[in-house]
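Could you build the full structure based on these sequences and the hints that come with them?
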Amino acid sequence: MSALKDIYSPDFYNTFAETLAKTISDFDKQRFLALIFDAEFEQKELKDRMRHTTRVLHHFLPIKFSEAVKLIEKIITQIRQNKEQEDSLAYIFFPDYIETYGLEDYENSVKAIEFVTQFVSCEFAVRPFLLKYGDKMMNQMHNWSLHGNHKVRRLASEGSRPRLPWARAIPALKKDPTPCILLLENLKNDPSEWVRRSVANHLNDISKDHPSLVLKVANGWKGKTKETDVIIKHACRTLLKQGHRDVLALCNLVSEQVHVDNFSILTPEIAIGENLEFTFSIFNQNESHHTVRLEYAVYYQKQNGQLSKKVFKISEREYAPAERATIRRKQKFVPITTRKFYPGAHQLSIIINGEEKEMGVFELTA
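The opening position of the sequence shown corresponds to residue 1 in this note's numbering, with each subsequent residue numbered one higher.
Hints may contain errors.
[Unchecked claim] When the alpha-carbon atoms are kept at most 27 Å apart in a straight line, the in silico DSSO-like pairs for lysine-lysine are as follows:
hint: 1; residue 1: LYS222; residue 2: LYS241
hint: 2; residue 1: LYS111; residue 2: LYS70
hint: 3; residue 1: LYS216; residue 2: LYS174
hint: 4; residue 1: LYS47; residue 2: LYS64
hint: 5; residue 1: LYS111; residue 2: LYS83
hint: 6; residue 1: LYS136; residue 2: LYS175
I should point out that these hints are in silico values taken from the structure, not numbers from a laboratory.
Since we're looking at a predicted model, the values are computed, not measured.
Right under this line is the structure:
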């Protein structure tokens with residue numbers, strides 16, 4: 001399986017160079033390819049290849065940023081005429097160009113972002129502008145939330161997320177996300193599911209610092225439309241995993257009369273690299289159908305001897321009166337880059353609608 005960085009292949013650059021030849025007068029394809037495939041190219045990872053492409057492209061565009069972005073518009077128009085795929089990760093160097101060379105030219109950068117994001121998302125490129133221009137840029141994001149193109153509307157939400165993954169945080173919005181809430185109000189019933197999913201992810205970001213604010217929003221949106229109910233459930237996923245009582249009640253997830261029995265850890269001792277296996281039964285003693293959110297938590301041993309809890313979702317569905325189900329699951333203990341395992345006593349709990357019902361212990365060996 002090829003690495004993601006290999007999207008920047010000789011075929012890609014040859015095709016892109018042909019496009020540049022059609023849009024840039026006196027374009028030197030051989031020089032472009034020589035600059036791209038320098039002595040360090042093979043060692044560069046995805047982000048480095050993207051930034052490298054940005055810098056090479058800069059050699060062939062006008063020095064003046066306002067003129068350079070006009071030419072970028074022509075290049076993108078030509079790519080579309082070639083019927084090449086839009087929203088391709090390979091073209092992320094266009095937003096990177098704006099971020100790298102346009103930060104001091106607010107007006108032309110805003111126009112360029114609005115155009116380019118309709119071809120490839122500028123959600124990362126807007127972050128430096130939010131940090132530098134603050135309220136001015138946030139007002140622009142608010143205006144974009146009313147835009148006629150759904151990709152621009154999504155940028156308004158996705159680009160202003162306080163904790164956008166793999167992007168710079170926006171401390172001011174983490175501290176006070178009120179401007180974000182005003183923006184999201186415009187998007188909560190957006191016709192695009194892609195936009196609404198961004199709204200949910202944005203609210204989930206906010207919930208990590210301001211759970212009461214997200215709960216207030218959720219209470220205000222609940223029951224208004226089918227779309228807002230879906231947003232609320234996805235937006236509150238972190239709070240649900242934390243067993244936040246008010247959010248559980250909002251989602252009608254009550255654990256009374258739902259019982260767990262026959263809980264057993266089938267592999268009480270495992271080695272790193274093996275699977276933990278466990279089973280349990282669930283029984284709905286309610287006299288009516290009842291929504292049950294099933295989760296389990298692993299309490300991982302840390303290097304300092306303390307335990308760190310991580311919750312995993314199993315399912316969420318309605319159970320009929322007196323319905324019983326038997327669940328059997330495996331949890332891998334194969335080392336990954338985001339988690340290191342330490343030998344010792346670990347714990348496993350079964351969670352029903354946010355409430356831990358059963359707890360067991362297992363031993364992890366080296």
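Verification of the hints:
1. LYS222 with LYS241: holds, 19 Å
2. LYS111 with LYS70: holds, 10 Å
3. LYS216 with LYS174: holds, 17 Å
4. LYS47 with LYS64: holds, 25 Å
5. LYS111 with LYS83: holds, 24 Å
6. LYS136 with LYS175: holds, 17 Å
Of the numbered hints listed earlier, not one is contradicted by the structure.
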